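> Each chain, written out:
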Amino acid sequence: MPTAPDAAPAAAAAVEVHGLVKRYGGRAVVDHLDLTARAGAVTAVLGPNGAGKTTTIECCEGLRTPDDGTVRVLGLDPVADARTLRPRVGVMLQDGGLPNGARAGEVLRHVAAMYAAPRDVGELTERLGIDSFARTSVRRLSGGQRQRLALACAVVGRGQVVFLDEPSAGMDPQSRRAVWELIRELRADGVAVVLTTHLMDEAADLADHVHVVDHGQVIAAGTVSELLADGSPGTTTATCVRVEARPGLDVARLTAALEADTPPGHTPPGHPAPGHPPAEQARTPARETSGTPSEGRRWTVAEPEPGTYLAEGPVDPGSLATVATWLADAGSLARSVTTGGRTLEDVFLDLTGRHLR
Amino acid sequence: MSDDARTAGPARPPHPGGPAADGPAPVAGTAAAPPLRRIATQAAFETRTLLRNGEQLLVSLILPVLVLIGMATAPFLGIDTGGTSRIDFATPGVLALAVVSSAFTSQSIATAFDRRHGVLRLLATTPLGRGGLLAGKALAVLAVLAVQAVVLSVVAGVLGWTPDPAGLLPGAVALLLGTACFTALAMLLAGTVRPEGVLAVANLVWILLVLGGGLVVPPDRLGPLGPVAALLPSGALGEALRSALLDGALPPGPMLVLAAWTVVAGLAAGRWFRWH
Chain V
1 MPTAPDAAPA AAAAVEVHGL VKRYGGRAVV DHLDLTARAG AVTAVLGPNG AGKTTTIECC
61 EGLRTPDDGT VRVLGLDPVA DARTLRPRVG VMLQDGGLPN GARAGEVLRH VAAMYAAPRD
121 VGELTERLGI DSFARTSVRR LSGGQRQRLA LACAVVGRGQ VVFLDEPSAG MDPQSRRAVW
181 ELIRELRADG VAVVLTTHLM DEAADLADHV HVVDHGQVIA AGTVSELLAD GSPGTTTATC
241 VRVEARPGLD VARLTAALEA DTPPGHTPPG HPAPGHPPAE QARTPARETS GTPSEGRRWT
301 VAEPEPGTYL AEGPVDPGSL ATVATWLADA GSLARSVTTG GRTLEDVFLD LTGRHLR
Chain X
1 MSDDARTAGP ARPPHPGGPA ADGPAPVAGT AAAPPLRRIA TQAAFETRTL LRNGEQLLVS
61 LILPVLVLIG MATAPFLGID TGGTSRIDFA TPGVLALAVV SSAFTSQSIA TAFDRRHGVL
121 RLLATTPLGR GGLLAGKALA VLAVLAVQAV VLSVVAGVLG WTPDPAGLLP GAVALLLGTA
181 CFTALAMLLA GTVRPEGVLA VANLVWILLV LGGGLVVPPD RLGPLGPVAA LLPSGALGEA
241 LRSALLDGAL PPGPMLVLAA WTVVAGLAAG RWFRWH
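Respectively, the protein sequence lines represent chains V and X. If you're matching positions, the first sequence starts at 1 in full-length UniProt numbering and goes up one per residue. If you're matching positions, the second sequence starts at 1 in full-length UniProt numbering and goes up one per residue.
Honestly, the hints are just simulated from the structure, not real lab data. Nothing here was measured: the structure is a model prediction, and the numbers come from that model. The beta-carbon is built from N, C-alpha and C at its ideal position, and this holds for glycine as well. One thing to keep in mind: the hints can contain errors.
Okay, the calculated bits of chain X under chain V, using three or more residues with CB under 8 Å as the criterion [stated by the list, open to error]: (1) 45-52; (2) 228-238.
For the chain X half of the interface with chain V, some residues (derived, Cβ under 10 Å), not all of them [said to hold, decoys possible]: (3) 42; (4) 63; (5) 110; (6) 114; (7) 117; (8) 166.
Using the sequences and the accompanying hints, generate a full structural model.
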């Protein structure tokens with residue numbers, strides 16, 4: 001093993017996907033995708049619907065055979081070494097995969113019986129609140145109840161790798177908390193958790209690593225704070241003022257006012273360096289932007305959606321006064337004015353575009 | 001996996017050394033249950049599900065019993081039994097019908113909806129695997145068949161059925177081959193057609209085979225349909241069971257037809273069954 005130069009990182013990864021290609025009817029749904037997931041970490045695959053998330057996960061689960069590229073789970077091929085991997089990998093499918101005619105508790109006990117040393121079913125049903133509907137047939141469960149049952153089935157076998165395809169879709173807030181708690185516990189026990197989601201807060205709160213996927217490719221990857229391009233530990237520093245007000249206000253005027261109020265030499269934390277335009281502006285040509293960072297400019301003001309304004313720059317208490325003046329001059333009463341860092345949702349929408357598809 | 005791969009995880013290092021049976025944490029390193037236990041578990045699960053489902057029970061048990069009672073007692077059915085009692089004549093055909101009900105109609109519908117709902121895919125990712133899933137299904141069909149055979153034999157016995165004792169073993173062989181054949185056909189249908197289509201086709205085929213497939217009415221009483229029905233798996237199974245239970249011998253022709261259908265359907269199902 002030490003002789004091969006690539007062996008060390010390969011061994012460290014619980015899931016390793018290289019150049020994965022999967023086509024349906026000639027169309028590449030997954031197009032040279034790379035992904036790595038470590039043991040003891042939560043890896044989120046984030047992307048809009050149809051981005052190729054589920055297909056990627058299904059290739060890792062051995063349910064689909066890649067057209068090209070390599071997939072390794074615990075160093076093994078999910079298709080060729082399926083028999084070895086099955087006891088070591090837990091799976092929660094997006095469409096559940098729960099037999100309709102059986103009762104919830106019966107399904108969980110059934111899946112548990114496939115393993116030599118499964119988790120305690122009673123403890124798991126209690127943890128996830130399944131005991132309240134254990135005697136109800138799967139057909140009659142609500143969406144959130146099905147999700148909890150499917151999650152229980154995915155973890156009951158104590159897999160070293162757990163794939164969760166949209167684990168908290170359709171769940172009420174209480175269920176989500178219970179699910180997140182369980183996922184954090186899996187991570188603490190050294191399990192490699194790979195989940196797909198299009199919930200930004202889920203990825204932001206839960207994931208150690210995020211892969212943003214679109215059109216079958218990873219278009220950004222890193223820790224959440226890396227993706228937020230924050231640079232500083234934590235995301236408490238305000239780098240952005242978000243205003244919701246009447247659409248069509250003059251963003252150029254606000255830019256100029258903010259620039260005028262900002263003392264020279266003030267460098268915004270983690271803001272893109274001058275002369276290095278952020279990637280999102282190339283990707284979203286429709287976005288109305290004023291004050292692209294260039295020599296001497298520190299503020300970017302945009303109206304990404306009608307009535308929502310984002311002013312990014314060296315936010316200080318005076319910035320809010322400037323924004324308030326700008327609103328007053330325009331005769332517009334804001335519905336909300338908030339300060340904060342860029343959210344993962346901002347990054348995501350910048351990367352994948354704001355239009356519906 | 002090397003040990004340094006684990007240093008990233010806090011808490012205790014999980015290790016694929018052996019199953020940690022107790023302790024609340026999902027410590028990694030688990031093993032599968034023994035294969036036979038997995039298959040038996042799956043078979044029991046499927047059998048319970050099938051026997052609990054009202055529609056499945058109707059087609060597998062209640063309708064065959066009604067056909068048996070009707071053929072044995074209804075005065076308006078002018079069946080030429082060729083000298084044997086009506087119940088002796090009807091029972092082998094109704095057993096064949098029971099095979100079509102449970103192995104084909106019931107199983108294809110259940111499998112098609114399981115496929116739609118992802119049940120097949122989910123179970124395929126557990127240690128059960130695809131092979132174990134199919135083995136479990138086959139055993140479940142046999143378990144349901146055993147229930148059918150017992151119920152139908154008891155009802156037929158009450159109505160005066162006296163099978164040729166020498167024909168019981170050949171009859172069981174024909175039942176098993178017929179079950180294999182119709183299960184393979186069920187998988188072919190369930191694995192290639194969407195569930196709504198399977199629902200329609202499986203029920204329609206059941207009715208058509210009852211009326212003109214040579215199941216309960218022998219092919220040679222079907223007029224111009226006869227030669228076709230004799231080459232269908234239904235006609236072959238009906239004839240094989242009638243020969244066995246009435247004359248005490250397995251007829252080579254129908255058994256050959258049945259075997260040929262089993263091989264072709266099995267290969268086709270293996271080739272075209274889609275898990276997604």
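> Does residue 114 of chain X hold up as a contact with chain V if the rule is Cβ-Cβ below 10 Å?
Holds: closest Cβ of chain V sits about 6 Å from residue 114 of chain X, inside 10 Å.
> For the stretch 45-52 of chain X, do three or more residues have a beta carbon lying closer than 8 Å to a beta carbon of chain V?
Per the Cβ count (4), the hint holds.
> Would the hint on residue 110 of chain X be counted as holding, given a Cβ-Cβ threshold of 10 Å to chain V?
8 Å, holds
> Are residue 63 of chain X and chain V close enough, Cβ to Cβ, to be under 10 Å, as the hint says?
Since the shortest Cβ distance to chain V is 20 Å, the answer is violated.
> Answer holds if the nearest beta-carbon of chain V is closer than 10 Å to that of residue 42 of chain X; otherwise answer violated.
Hint holds; residue 42 of chain X Cβ to chain V Cβ min 8 Å, cut 10 Å.
> Quick one, is the residue 166 of chain X hint okay against chain V at 10 Å, beta carbons?
With a minimum Cβ separation of about 41 Å from chain V (threshold 10 Å), the hint on residue 166 of chain X is violated.
> So, residue 117 of chain X near chain V? Judge it on the closest CB pair being under 10 Å.
Check passed: Cβ of residue 117 of chain X comes within 6 Å of chain V, closer than 10 Å.
> Closer than 8 Å Cβ to Cβ for three or more residues is the test here. Does the stretch 228-238 of chain X pass it with chain V?
As far as the stretch 228-238 of chain X goes, the hint is violated, because 0 residues have Cβ atoms under 8 Å from chain V.
In summary, the numbered hints that this structure violates are 2, 4, 8.
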